[in-house]
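Place chain B on chain A using the hints.
One letter stands for each residue in the lines below.
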Amino acid sequence: MNIAFGRLANNTIGVLCLIFMVAPLFLVVLFSFGSSSLMTFPMAGFTLDWYRALVSREDFWSALENSAIITGSVGVLATAIGTTAAMVIARMRPKQSATAFFLFGLPMMMPPLVLALALLSLFSVLGVKLSLITVVLAHLTFTMPFVILIVTARLRDFDYTMIDSARDLGASPAKTFFTVTFPLIRPTLFGAALIAMALSLDDFVITFFLIGGGNTLPTLVWGMLRTGLDPSINALGTLILLLTIGSSAVALRLTRYRG
Amino acid sequence: MNVATPLSAGRNGALILPAVAVLAGLFIGPMIYFLIVSFFKVSLFKIVPAFDLGNYAKVLGAYGVPILFTMAISFLIASITTVLAFVVAHLIWTRGRGFSGFLLAATLLTLFGGYLVKIYAWRTLLGRDGIVNNTLVGLGIVREPIEALLYSPIAVVLVLVSYLLPFAILPLYGALRSIETKTIEAARDLGASPWVAVRDAVLPRCVPALVTAFALCFLVTAGDYVTPRMVGGTQTMMMGNFIESQFGLRMNVPLGAAMTYLTIIVSVAVISLVWIALKTVLRPK
Numbered sequence: 001m002n003i004a005f006g007r008l009a010n011n012t013i014g015v016l017c018l019i020f021m022v023a024p025l026f027l028v029v030l031f032s033f034g035s036s037s038l039m040t041f042p043m044a045g046f047t048l049d050w051y052r053a054l055v056s057r058e059d060f061w062s063a064l065e066n067s068a069i070i071t072g073s074v075g076v077l078a079t080a081i082g083t084t085a086a087m088v089i090a091r092m093r094p095k096q097s098a099t100a101f102f103l104f105g106l107p108m109m110m111p112p113l114v115l116a117l118a119l120l121s122l123f124s125v126l127g128v129k130l131s132l133i134t135v136v137l138a139h140l141t142f143t144m145p146f147v148i149l150i151v152t153a154r155l156r157d158f159d160y161t162m163i164d165s166a167r168d169l170g171a172s173p174a175k176t177f178f179t180v181t182f183p184l185i186r187p188t189l190f191g192a193a194l195i196a197m198a199l200s201l202d203d204f205v206i207t208f209f210l211i212g213g214g215n216t217l218p219t220l221v222w223g224m225l226r227t228g229l230d231p232s233i234n235a236l237g238t239l240i241l242l243l244t245i246g247s248s249a250v251a252l253r254l255t256r257y258r259g
Numbered sequence: 001m002n003v004a005t006p007l008s009a010g011r012n013g014a015l016i017l018p019a020v021a022v023l024a025g026l027f028i029g030p031m032i033y034f035l036i037v038s039f040f041k042v043s044l045f046k047i048v049p050a051f052d053l054g055n056y057a058k059v060l061g062a063y064g065v066p067i068l069f070t071m072a073i074s075f076l077i078a079s080i081t082t083v084l085a086f087v088v089a090h091l092i093w094t095r096g097r098g099f100s101g102f103l104l105a106a107t108l109l110t111l112f113g114g115y116l117v118k119i120y121a122w123r124t125l126l127g128r129d130g131i132v133n134n135t136l137v138g139l140g141i142v143r144e145p146i147e148a149l150l151y152s153p154i155a156v157v158l159v160l161v162s163y164l165l166p167f168a169i170l171p172l173y174g175a176l177r178s179i180e181t182k183t184i185e186a187a188r189d190l191g192a193s194p195w196v197a198v199r200d201a202v203l204p205r206c207v208p209a210l211v212t213a214f215a216l217c218f219l220v221t222a223g224d225y226v227t228p229r230m231v232g233g234t235q236t237m238m239m240g241n242f243i244e245s246q247f248g249l250r251m252n253v254p255l256g257a258a259m260t261y262l263t264i265i266v267s268v269a270v271i272s273l274v275w276i277a278l279k280t281v282l283r284p285k
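So the protein lines, in turn, are chains A and B.
The opening residue of the first sequence carries number 1 in our numbering; numbering runs sequentially from there.
The opening residue of the second sequence carries number 1 in our numbering; numbering runs sequentially from there.
This is chain A alone, in the form it adopts within the complex:
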């Protein structure tokens, strides 16, 4: 009796947490197609007006362009730098690699506001001009740990005899990497890049402080939130969710990463 009750209570908490995590996002998507400007039930009707309003804004296209540039650069750089690090960490003893994970993971633990302000003050004292580049550099710090985690996990169950055979047969380290290692871990790298891109695309706080001028998609949302109730926010929010959640869904399939 008691056991059944406990089980029921736990399941209820699970369902509530599930609703709690998913419902807000689901409602944004739902109401981006609703013809009323208020998010209330029952929905008045179906419309694509908010999407039309969104794509007719000039600042939407420049924000999309900036987001694409930042996200693309972060994806490539974080994956390249994170993968080379993972190749070393995967061969460390357990204690050493735990330390490496801890150190590289530190930026993930830091609130984005702190990361942004520390970088902002350093850039300003060094005379570095704020631009998309400073945003990309800042994004590397908190996207790289995810790449390192995912790629190290893949390299751990990697058959190193293949590399050694290639080397025995006279291939240079670089040739071995591009003809043996890379093709084998390609799906994982692609997945890791998508995770890095999703995190970068979603960042608001760091981008806001370090971009200098212009908008990305999240800072555009912020601007729209401050100017009042604009249902196009639902459409823009849906677009951001589609890009971030879509790419992480693909990534999780590719990497089979489960936490």
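Careful: at least some of the hints might be erroneous.
What the hints assert, rightly or not - Some chain B residues close to chain A (C-beta under 7 angstroms, calculated; not the full set): (1) I16; (2) Y33; (3) G54; (4) Y56; (5) L60; (6) Y115; (7) N241.
Note that these hints are calculated values from the structure, not bench results.
In this text, a Cβ means the ideal position worked out from N, Cα and C, and glycines have one as well.
Frame of chain A, contents of chain B only:
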């Protein structure tokens, strides 16, 4: 096992250097500079090197209440999130494919996107004409819409718990997966009730993950300024808001840096106490 053979062992250790450069140049370096600046002074709108604890004394004197409030709400949010996350992670670990698959998918997918979108969605959900109030009035649970749902500390707790849940579930699920089910079966065979088995055999093995989840939620909350500003109303001023304002109009970087470090130091102290408490209470039996 990947026992490295001599040919492939340790030859390319230098490959880690770019990542070290990113960590050192873009994280550790700026954090150290920020610490040094926290001892500097501002005079005539310029930052002047100085080495005294003036900024810290000022923060302690003028922001004592906000610091306490920030610590209290961070503790509350981190505790609620960690407890709920453990229940969900435990469900994912123990339940059959369908339900646990749903939970895991929701966790992983909501992890990687929608920070501002989530806050915005909650704002419309909790508003006077929002879905929550409409439902409560419609069901006759309350007569008038509850104004205090939005623009109150309650809203900050709701929004941040919902935002942080996936971040807390993952480390806990990872820890649970590495526990051998034999341990639990043994405990149950010896007559332990499910709850006792969880308390004596499962939870003690999750202490590092519990602390990780708690620390992550605590630090993110302590440093957040967007959520309190968007849904917290005027009476919910957290340290993040005060820190942020030092970099806007007021432009007092040294004071802002001192606020940041004081918040981090107090946060780390609270997290350490929680760690010690968990280690003492959750001892394997």
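Taking the hints in turn, this is what the structure says about them:
no.	hint	in the structure
1	I16	4 angstroms, holds
2	Y33	5 angstroms, holds
3	G54	18 angstroms, violated
4	Y56	16 angstroms, violated
5	L60	19 angstroms, violated
6	Y115	6 angstroms, holds
7	N241	10 angstroms, violated
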